[in-house]
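Keeping the supplied structure of chain G fixed, place chain B upon it in accordance with the hints.
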Amino acid sequence: MSASIGGPECTALKKKYDECFNDWYTNGFLNAKSHTNECEDLFTDYKACVMRALKEKQIMPLLEEARKDAPFEDGGKWKR
Amino acid sequence: MKFFENQCFFDYAWEQVSSAHWRKYPNEQASHVVAVDTLRSEVDPNTGILRIERLITCRQGAPRWIVKLVGSTEDSYVREVSEVDLKNRTLTLLSTNLTFSNILSVQETVSYTPDVNQPHARTRFTQDAKITAYGALSRWANNMMEDFTIDRFKQNAARGRAGFESVLEHLHQGVFERATQKTSV
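In order, the protein sequence lines correspond to chains G and B.
80 is the number that my numbering gives the last residue of the first sequence; the numbers go up by one with no jumps.
1185 is the number that my numbering gives the last residue of the second sequence; the numbers go up by one with no jumps.
So that you can see chain G by itself, here it is in the shape it has in the complex:
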């Protein structure tokens, strides 16, 4: 499992989330048994940690710009 941008604290939270996600993806989603994200709670904690790191490193403006150019809802397809 790879590290998180937010250092050891976020990496520990990421590990828990990744383990949950990988299990859900392989055994739930791929078998069409589960469409809902069962790892929501773990993701909430992990994501909060990452967002702090993104703000600290001033990545948010770049990310927001990229999101405008290639919206998530469009699967990241570029407008231009």
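Since the hints were derived computationally from the structure, they do not count as laboratory data.
Please note that a few of the clues may not be correct.
Examples of chain B residues lying across from chain G (beta carbon under 10 Å, computed) [unchecked claim]:
(1) GLU1005
(2) SER1019
(3) LYS1024
(4) VAL1034
(5) VAL1036
(6) LEU1039
(7) GLU1053
(8) LEU1055
(9) THR1096
(10) ASN1097
(11) THR1099
(12) ILE1103
(13) ARG1139
Treat the numbers as computed from the prediction; the structure is a model and nothing was measured.
In this text, a Cβ means the ideal position worked out from N, Cα and C, and glycines have one as well.
Frame of chain G; chain B shown alone:
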């Protein structure tokens, strides 16, 4: 503007390849990838497509002439949006650079689909990148930047393939054997 294209095959079913994709890092070949973070993960209620946004943090040295042109930066960031279409068995990722986006644009599309001839035992990988440098003062310098980026893509693609193969092999030994045992009992 320059283009890079790449294609290869992995001798594993699409389901294994797509699972392995989420477990790709770390691997020895991809030492330049220092962090991968999930920002958003949702199943589209209308289409059933799983959509995931990730931030990838890379650290890879650059030659001095590049550093002189663009300034030095320790880490560079890439935003990736993936879509997993279970019905059609496709995994598509679209990635763009966040770092140096004011002088260089890299738009990469990767797709994993079942091999037409062996749809349950082999997966096709395609990669396309569009690279445009526009921040330097001369067309010559922009050209150099594009050439450098293409070369780097080639190197990383070769390492990426080798690294992914080793991840697939490793997982095949473990996870998928266990899954098969579960279902066959």
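For the hint on B/THR1099, just tell me whether its beta-carbon gets within less than 10 Å of chain G. Since the shortest Cβ distance to chain G is 7 Å, the answer is holds.
For the hint on B/GLU1053, does the least C-beta distance to chain G fall short of 10 Å? holds, 5 Å
When the nearest CB of chain G is found for B/ARG1139, is that gap smaller than 10 Å? violated, 21 Å
Any CB of chain G closer than 10 Å to the CB of B/LEU1039? holds, 7 Å
For the restraint on B/VAL1034, tell me whether the closest CB of chain G is nearer than 10 Å. holds, 6 Å
Given B/ASN1097 as an interface hint, is the shortest Cβ-Cβ distance to chain G below 10 Å? holds, 9 Å
Going by Cβ atoms only, is B/GLU1005 closer than 10 Å to chain G? With a closest approach of 17 Å, the B/GLU1005 hint is violated.
How about B/ILE1103: closest beta carbon in chain G under 10 Å, or not? violated, 13 Å
Under the criterion of a CB-CB separation shorter than 10 Å, is B/VAL1036 in contact with chain G as hinted? holds, 5 Å
Regarding the hint that B/LEU1055 lies at the interface with chain G, is the smallest CB-CB distance below 10 Å? holds, 7 Å
Interface hint compliance - B/SER1019 to chain G, C-beta minimum distance less than 10 Å: holds, 5 Å
Does the CB of B/THR1096 sit less than 10 Å away from some CB of chain G? holds, 6 Å
Hint compliance for this structure: hints 1, 12 and 13 are not met, and every other hint is.
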